[in-house]
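So the sequences go chain by chain: A and B.
Everything in the first sequence is counted per my numbering, starting at 1 for the first residue and increasing by one.
Everything in the second sequence is counted per my numbering, starting at 113 for the first residue and increasing by one.
In case anyone wonders, no lab produced these hints; they're calculated from the structure.
The C-beta atom is built at its ideal place from N, Cα and C for all residues, glycine as well.
Treat each hint with caution, since some may be false.
Some chain A residues near chain B, calculated using beta-carbon distances under 10 angstroms [what the hints assert, rightly or not]:
# : residue
1 : Phe18
2 : Tyr19
3 : Tyr40
4 : Ala64
5 : Arg65
6 : Val67
Below, each chain spelled out in residue letters.
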Amino acid sequence: MIIGKVVGEIYSTINHPFYNGKKLLVIDKLNPSNNRPIDYIIAVDSVDAGVGETVLVVDEGNSARQVVNDNSAPIRSIVVGIIDEIDLWRVQIAGKSRKTGVEEFLKYIKYR
Amino acid sequence: MLLGKVIGTVVPCVRYTGLEGVKFLIIQPLDKNRKPNGEPLVAADAVAMAGVGEIIYYEGGREAALALDPWFVPVDHTIIGIVDGVHLSSEVKD
């Protein structure tokens with residue numbers, strides 16, 4: 001799953017029949033270490049997420065089709081949650097406690 | 113799904129069974145600000161209404177073929193819809 005931030009919406013009238021009435025969101029994929037966008041993705045909304053919210057996105061077809069309950073839906077990315085808080089591992093580096101990302105954490109445990 | 117711009121058409125003379133009547137278009141993938149991003153690719157057109165110059169959104173992978181009828185066809189990118197507008201929040205425009 002992907003942590004992302006909703007940055008916009010897409011409007012479309014001519015689309016595949018499955019997408020009629022579905023809200024499409026433009027979502028920045030975030031790096032959890034520094035909250036910087038890596039890339040973007042367009043996903044269907046299933047939890048009424050709005051612009052500015054941090055969300056959880058599933059980018060896998062079978063899971064997405066399970067959420068919409070349709071075995072033949074041409075869908076891969078779907079928003080399945082709105083994130084309140086992310087807590088990354090805190091480690092002690094040079095006497096200072098600081099939040100680290102996954103890469104720093106892996107480096108840290110390798111070093112130990 | 114990602115945004116793309118239709119930049120051309122492809123007309124195959126021989127097609128795999130099940131792909132008769134399917135339109136193929138060349139699309140240039142775009143970033144969220146609609147600037148070109150990456151190499152152009154060929155996609156099947158599930159809406160059958162996209163034309164050169166239009167901004168579309170497309171799906172890749174297994175799901176691409178599911179948008180077509182019949183769905184069990186060898187296709188890896190499909191145009192799912194034509195974009196009327198992209199509304200980005202003002203803070204992310206750069």
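Numbered hints the structure breaks, given as an ascending list: 6
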